[in-house]
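J.: So you can see what is in the structure, the chains are spelled out below.
Protein chains: 2
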Amino acid sequence: MAGAELWLPLLLAAACAGPAAALWPWPQSVRASDGRYPVSPRRFQFRYHDRSAAQPGCSVLDEAFQRYRRLLFGAESGRRPARTDTLTVNNEQCFLLSETVWGALRGLETFSQLVWRSPEGTFFINKTEIEDFPRFPHRGLLLDTSRHYLPLQSILDTLDAMAYSKFNVFHWHLVDDSSFPYESSAFPELTRKGSYNPATHIYTAQDVKEVIEYARLRGIRVLAEFDTPGHTLSWGRGVSGLLTPCYSGSQPSGTFGPVNPILNSTYEFMKTFFLEVSSVFPDFYLHLGGDEVDFACWKSNPDVQAFMKKKGFGNDFKQLESFYIQTLLDIVSAYGKGYVVWQEVFDNKVKVRPDTIIQVWREEAPVSYLKELALITEAGFRALLSAPWYLNRISYGPDWEDFYKVDPLSFEGGPEQKALVIGGEACMWGEYVDSTNLVPRLWPRAGAVAERLWSNKEVTDPDFAFKRLAHFRCELLRRGVQAQPLSVGYCEQEFEQT
Amino acid sequence: MAGAELWLPLLLAAACAGPAAALWPWPQSVRASDGRYPVSPRRFQFRYHDRSAAQPGCSVLDEAFQRYRRLLFGAESGRRPARTDTLTVNNEQCFLLSETVWGALRGLETFSQLVWRSPEGTFFINKTEIEDFPRFPHRGLLLDTSRHYLPLQSILDTLDAMAYSKFNVFHWHLVDDSSFPYESSAFPELTRKGSYNPATHIYTAQDVKEVIEYARLRGIRVLAEFDTPGHTLSWGRGVSGLLTPCYSGSQPSGTFGPVNPILNSTYEFMKTFFLEVSSVFPDFYLHLGGDEVDFACWKSNPDVQAFMKKKGFGNDFKQLESFYIQTLLDIVSAYGKGYVVWQEVFDNKVKVRPDTIIQVWREEAPVSYLKELALITEAGFRALLSAPWYLNRISYGPDWEDFYKVDPLSFEGGPEQKALVIGGEACMWGEYVDSTNLVPRLWPRAGAVAERLWSNKEVTDPDFAFKRLAHFRCELLRRGVQAQPLSVGYCEQEFEQT
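Protein sequences appear in the order of chains A and B.
Reading the first sequence from the start, the letters are residues 8 to 505 in the working numbering.
Reading the second sequence from the start, the letters are residues 8 to 505 in the working numbering.
Hints may be right or wrong, so weigh each one.
Said to hold, decoys possible - So the derived list for chain A, only partly shown, Cβ under 7 angstroms to chain B, looks like this:
(1) 156
(2) 159
(3) 203
(4) 275
(5) 442
(6) 444
(7) 447
(8) 497
(9) 502
Derived by calculation from the structure, the hints in this document are not laboratory data.
Yeah, the Cβ is synthetic: ideal placement off N, Cα and C, and Gly gets one too.
Bound conformation, chain A alone (with noise of 0.2 angstroms):
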């Protein structure tokens, strides 16, 4: 739909004062009045312009209008009138104007934000003119579905709230060394031994469907990561000979480390499962891993340190990891994917392709993350932030303002290695998190991400964020999100277990 430009009128003149002050993210430009309009559930309606490109049919908006009817006026919402000729109501009307569908989304989120009620019931909205566009494109959240495994509607719950603070990326970290719940079609042994229950813990193909369906009718793109060649015990499990067997001494210890880099039949696997993965997750982008490879158990394996001799890579085992790396991602590169990477790729000087992404996640090692970004930008390559983004790890008090305080851009460097910076993820990973305690651990600390990639980088003020971040807690819980308290206080509609 890109550059197409898209016309929403809706029924109401586009408004804003008290709630347009407590919007979040906040946008690039907001100019609000006291003037107010009342909003009547019976008669508002979301319509689009004649002129617009998208029209009646166009599945994202449509659902959408839905959604957010239901989320602007709850029960009052089911009184939905059958659509009439009549377009205004006191010739006013609200006006949102896209050159995406994808913006429109964003858009009506906002618009759902504007609307409030007074104690006596009414609905108002005030004059407001709001231009707005995200500081960064990629504005991500990642669930770790391995440590603990989260239930569907966990993932989905997830998704309606990442689209009401305007993330775009689901990174699903979806196996690991703990377990595997992704049913694969080529290899049904994966799950069948890796996951924790095959009959209870595991996503299936129509479970991925319908979380990629119902991610592109938010606007959110879902960004699969299979990491290897660590983190993947969970894969020995089905495919016997794909992990490396470790040695004690002259004897195999019965334990197994990373994937096998020595062998074809790993590559083999390898084009097979990827070409079933680059299929299934229709983005552009695979997140291909490549973190925190152990060397120990290569270095103890007979026919690896063969292998090393042969290819004379001498003692440097980052040089066994680049082989493994280039071969795979060159696997991947021929099924018209891109990737994204987590940092030890570039840091141990794999070679990659100029458009891969370098995902930034180590605070302090082996330099600090502001650094790596320097680093990664001045050799040209995109960058992902998400090292200070550790949502699971968490402290008593108000740590979201640690979230909230930092800048991405703020290493040493020209604007062009500034614009590299393509955004940046906030991270749940799953060690201690799982459906229990995921929603008030996510929301509303993964808000103060969204903003930080979202608004202006002058947004900074942590009162005004404060005022803002707490009404729109409130906000979650009035739709139905276990969101987490800020500080002492209340809201009007608490949170009510369904």
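Following the hints, complete the assembly by docking chain B onto the known chain A.
T.: Then chain B, alone, in the frame of chain A:
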């Protein structure tokens, strides 16, 4: 019921081996074996023994039998046969012998943790003999309903989960600076003006009754706290003249400090208020607070200064605090109540009745909490420990181990001093906690405190504890408690939002 002998023969041989190894908290003595008996939900019955002092009509046990039948067999408990005279299954029975109904409740909980289910769905119990009693008589959990309001259902759910880990005191920190949700019949303005919202954020007389009865049926006492003279800002909104007007120079600043200790009207109010409270809460003990009194406002007030002079207190505001508290304690004593107070009352040398219980909450100041316990018991007072068990404080990872490691009796002192430590309390203060995050923050972390207060002092091995606590956490999920994970892994039955 104390002293009466209660026989509770269950229709099964007492038993265990698999599941006995997973009991939480760990009993004083367990003899288990591999011999197992099937348990048929259709034929299983709880029965009072003929020689038992308790018989049908004992509401505490009648209702507990129903609860535990549901917990044991879930949906299948519905197929409950009419009572029959057939007493035995294969002539096998399980006996529970207890001196009190409260002990019988604890035994039923232990019994429920012994029953397990095979992969085929058959219930089993292993042959087991258990002797059990608590190490400490006071095993409390504090909820704060002032910083954030907790819905009645959250409190009731917490009482259920408390019973699962054998807590027996619910310390209800009802009111504080932030809000006054307790609806007083004598002073309805307290709630009307002091609550967050008098329509939705209050506890009515009926709510309070329900909490007390729900707790009683689970063997839990309700220890109500009305903290004065500090922590009372919310009281001031409904009772003019109750709080001390603070001065800025020679003028009232418009702000208020602690309860005004120099006015007769203050004590008249307290007499009426605590007369009501003493009858609403049937427990012998009330908690009267007494912590963190800020002297700055008293110091600023010329009337208070004049009063100090008249009383000969000099500049020692601790004497003024003592004057207030002693007067209050006399009032409450006259109503036939005992009292618990925070440690400052002892630290500030207030003269209190010898049966006063002092609750230790400060970790390091004025002395370490262990030294404080030594000082309190040396002075002949009974003590409760809370300092190391502030569950609201969180950190990343398995922090339950820190709670678990504490031994309340590891201070220097003779056996007569140790005997004065009657237990402790886990505290969940509400600055950052409401119904959205209460449950995963409480469970299973509070379980670590529960076992420390119940089990023998020799039960300290962290690996043994980890395995059992992880199992207990899965059992909590099965029972519908949103308990967070301890580590990587899964439960057969994960949490499902209902």
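J.: Does each hint hold? Answer for all of them.
T.: Hint check:
At its closest, the beta carbon of residue 156 of chain A sits 6 angstroms from a beta carbon of chain B; the interface hint therefore holds under the 7 angstroms criterion. The closest approach between the C-beta of residue 159 of chain A and any C-beta of chain B is roughly 12 angstroms, which is over the 7 angstroms cut-off, so the hint fails. At a threshold of 7 angstroms, the smallest CB-CB gap from residue 203 of chain A to chain B is about 4 angstroms, leaving the interface hint in force. Checking residue 275 of chain A against chain B by beta carbon gives a least distance of about 31 angstroms; that is not within 7 angstroms, so the hint is violated.
A hinted interface residue such as residue 442 of chain A counts as satisfied when its beta carbon comes closer than 7 angstroms to some beta carbon of chain B; here the least separation is about 6 angstroms, so the hint holds. Of the supplied interface hints, the one on residue 444 of chain A holds, with its beta-carbon coming within about 4 angstroms of a beta-carbon of chain B, less than 7 angstroms. Residue-level restraint check for residue 447 of chain A holds (minimum Cβ-Cβ distance to chain B is 4 angstroms; threshold 7 angstroms). Interface hint at residue 497 of chain A: satisfied, since its Cβ lies 4 angstroms from the closest Cβ of chain B, which is below the 7 angstroms cut-off.
Hint on residue 502 of chain A holds. Least Cβ distance to chain B is approximately 5 angstroms, under the 7 angstroms limit.
When the structure is compared with the earlier hints, violations turn up for hints 2, 4 and for no others.
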